[in-house]
Amino acid sequence: MRRPRIGEASELDLMAVGFLLPSVLYVVVMFIYPFLYGIWVSVHPLKVPGFSLANYIAFFSDEYQYKTVGITFRLAVPNTVVVVALSLFLAYNMRRGIWLERTITTILVLPISLGVILLGQGILGFYGGKGWLNQMLLALGVLEEPLVLTHNYIGVMLSLFMQQFPFCFLMLLGYISGIDPSIENSARTLGAGPWTVFQRIMLPLIAPGLAIAFALVFVMSFATFPSAILLGQPSGATRTIAIAAYAQAFEQFDMPYASAIAVIMGLFQLAALLIIIVLRQRMVLAATMGVGKR
Amino acid sequence: MRGRLWRLALYLFVLGFILNLLGIVSHVMVSSFAKRWFGTPLPRSFTTEWYTYAWNEFGLAQVLGVTLLVALIVVFLALLLGFPAAYILARRNFRGKPLLLLLYFLPLLIPQMTYGIPLATTLFKYGIGGTLTGVILAVLVPMVPLAIFILMPFFEQISINLEWSASVMGASRFQIFRRILLPLALPGLLTAGILILVNTVSNFELAFLVSGAGSQTLVVALFYNVFAGGVRPVYSVDAMAVMYMTMVMLLLIVALRFVRPTQMVFRLDQPRR
Amino acid sequence: MKETIDSLRFRITKRFGAKTVLRDFALEARGRQFITFLGPSGCGKSTALNIVAGLLPATDGEVWIDGERIDHQPPEKRRFGMVFQNYALFPHMTVFANIAFGLQLQRRPAAEVAERVRQMLDLVQLPGFEGRYPAQLSGGQQQRIAIARALILHPRLLLLDEPLSNLDAKLRIEMRAEIKRLHTSLGLTSIYVTHDQTEALSLSDWVVVMRDGLLVQAGPPQEIHDHPVSVFVADFMGFRNFFPVQVTAAGADGSVEAAGNGMKLRGKARQAFAPGASVVAAIRPDDVVIGGDAGRGNAFRAQVDIVEYLGREDEVIVTLEAGRRLWVRTAARLARGENVTVMLPPEKVIFLAAETAPA
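So the protein sequences, as listed, match chains A, B and C.
Take the first sequence: its position 145, counted from the start at 1, is 145 in this note's numbering, and no numbers get skipped.
Throughout, this note's numbering is defined as the position within the second sequence, counted from one, plus 1000.
Throughout, this note's numbering is defined as the position within the third sequence, counted from one, plus 2000.
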């Protein structure tokens, strides 16, 4: 039997199909189908027979519900901007490797693996009204009253930052250190100082990675659930759209409505992704044409 | 000179972040050993009673059992399903390939909360919501693609010439698999297995949405107990958190022996290499 | 475009952690010279170049240009031009933007920039390429653009880091001629780094042979080629036959007689060797003569082992009576198994101090 060479377009023979089928089936059955089912369910509300957009209308007429969109944006956007900016700063300055790089990257992996619950508990304790930070600042006389950093917007931002910064940083670090260092070197020998090098040479080359990072961090922040509950005010100021969906599903037991909210959430994320893709294409066209021909 | 300032800022930030992290984690640890602690830098007296309390009150034996069972089964199934798919994707190009890759990518790209609700709805509809099976099936959804994307580069690195030369020397397909591919793919399997293990143990959203009374993993149980708030003493919840953390740290230590930190966030960024 | 430095002087040591990559590597040179750092991979030649460029700091030592110490100057202030092994063109800019980059940083008026870029493209024989992107160019074209980009700023020193290594053989020959042409017409002081001795010999006024961070030999190409000072350098320069022998007699004029391994050899040495000293005799395959009297000095009977056809000549391996093998380049068409006499002309045999044998 003739074996296809790597890179050669080929028909899928029986073996290939057999190898692919189980996982394809799994993803289709367990992901695509529920997704479609969720959409179908969302337009067949509990109280209305047949096809109806009642759930969606209800969502956008109920202030308590549609407010969550604004709240979630107000959490996700600043968080994404701060995370990506700081990650860029750090990753760019570490691109040639720094002292203790392995240790630092290992420590940064911790928040990702520890998970949001543990971090949430810890943030509540450390940053709480009677936590170590406030105790220290009060004892030092820097403050007169403790800072309220938990059970509010700030608490949620702290938690989101701690989870997503390491991930974004590591991703950008990998991306930036993949850029050929001699490009930078040649710019230096042509008379460009470090800031000019960053602005005119490196930033355009990093832009695609930045766009991806921005997209991923935003999408993840937009779906925030446990952080908003543990460290915020889930029934008030930090009631995110994910909480709204959850509440409908497991408190009100209104699955169709919950699915509708999930669909709405998904659509916002999709819209954000598309905007970022379009912006990136524009950037690519303007500045990076010709790059990446490998 | 300016360069030095930037470096200083960088190290300060990293230091700040690490101190922050240490502060958070150690607060949880100290609290778990505190008899009572309120407003003072350190508790006045220490005890280990909260651990036994947590173990008994939260039914941790059962929870740990669930967690381990789910983790091991998910790893096994993810590798079982992902291994052959990764092989084909690494070796062949065909007309639907980009679409297929997108399909696999979706469960990783779309946040678990977004598709978790429809998924939970579906599972409950078919009666397996809230059961161990349901949790396993749910958590498996993003893990199969993860396994595939981790294994693909490993297969790409195994030159197809190795298979061809074995074939020329008369090896059957099965022999090639058993004696050439499998041993060479072992590091990849190990890496994938470990990463999936860590991801499964710390998976929250999907495990949470599909969980039922007897099918809570450690993270989910932890969340419920934190959320239950005033009913449970915070020290006992912290004790449980420490137990969870120890478990994950042990896994991490093992994992990092085989895997670089950057690989742990392997999320399909376009590799420039 | 004739302005270039008058003198270059440095002595540098470089350590990366525990590893010493350059040990007191020193050079003193006049302007307008084409200087080559020649050595195997890892000998520190690129590191030395990067230090001179200011891209790497030296652990210890100084770099002096025209009597002025420059080690603390950042690279963007040194006014050197540099050409990299992988061209390092900015992928997101056109050829025009690449070449004009340095000029635009100097805020030169647009008309002047456009004109100078056009002249530069003519100089490297790629007229009209302004609008293309690096990804659309071949290796040789990219390299020429890289050279143009460096030269347009009238650098006072040109640094080239193995610029031809990534090109295929034919292109390498063409580009070598190109670089030679540019140097001849512009007269720029240049430092060139390579592991290829053909490039070093053909391009340079001065060759510095390096090994493990140390300077092993420095001099004009003919000197390095004809009179290598060590087995390492000789091996690099194409001496493929090395025989460990003992000195039996040494004359004041540099003539040496030695014996060992069943051979007696006469030749020359640049160093003074005492009788009994262990030395290595070396001769190029091209210098070995087929035929002649077996009785004369340096002549041996041998049997032909392997013959490789190279076109104009054959590369032949013969086995001497004493059992040693000899590489010979000859136009005489020999046959496998043939018995011949080989003669090593004494004026072509050199004696070098014994050291670890080359691989």
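Hints in this document: simulated from the structure, not taken from any laboratory.
One or more of the hints may lead you astray.
Straight-line C-alpha distance at most 30 Å; calculated DSS-like pairs for lysine-lysine [claimed, not checked]:
hint, chain 1, residue 1, chain 2, residue 2
1, C, K2170, C, K2180
2, C, K2264, C, K2348
3, A, K130, B, K1125
4, A, K67, A, K47
5, A, K47, B, K1125
6, C, K2180, C, K2077
Going straight from one Cα to the other, do K130/A and K1125/B come out at no more than 30 Å?
45 Å, violated
Given the hinted pair K47/A and K1125/B, is their Cα-Cα distance within 30 Å?
18 Å, holds
Is the hinted pair K2180/C and K2077/C satisfied, with a Cα-Cα distance of at most 30 Å?
27 Å, holds
When you check the alpha-carbon spacing of K2170/C and K2180/C, does it fall within 30 Å?
16 Å, holds
Holds or violated: K2264/C to K2348/C, with C-alpha atoms at most 30 Å apart:
15 Å, holds
Please work out if K67/A and K47/A have their alpha carbons no farther apart than 30 Å.
24 Å, holds
Violated hint for the displayed structure: number 3, the only one.
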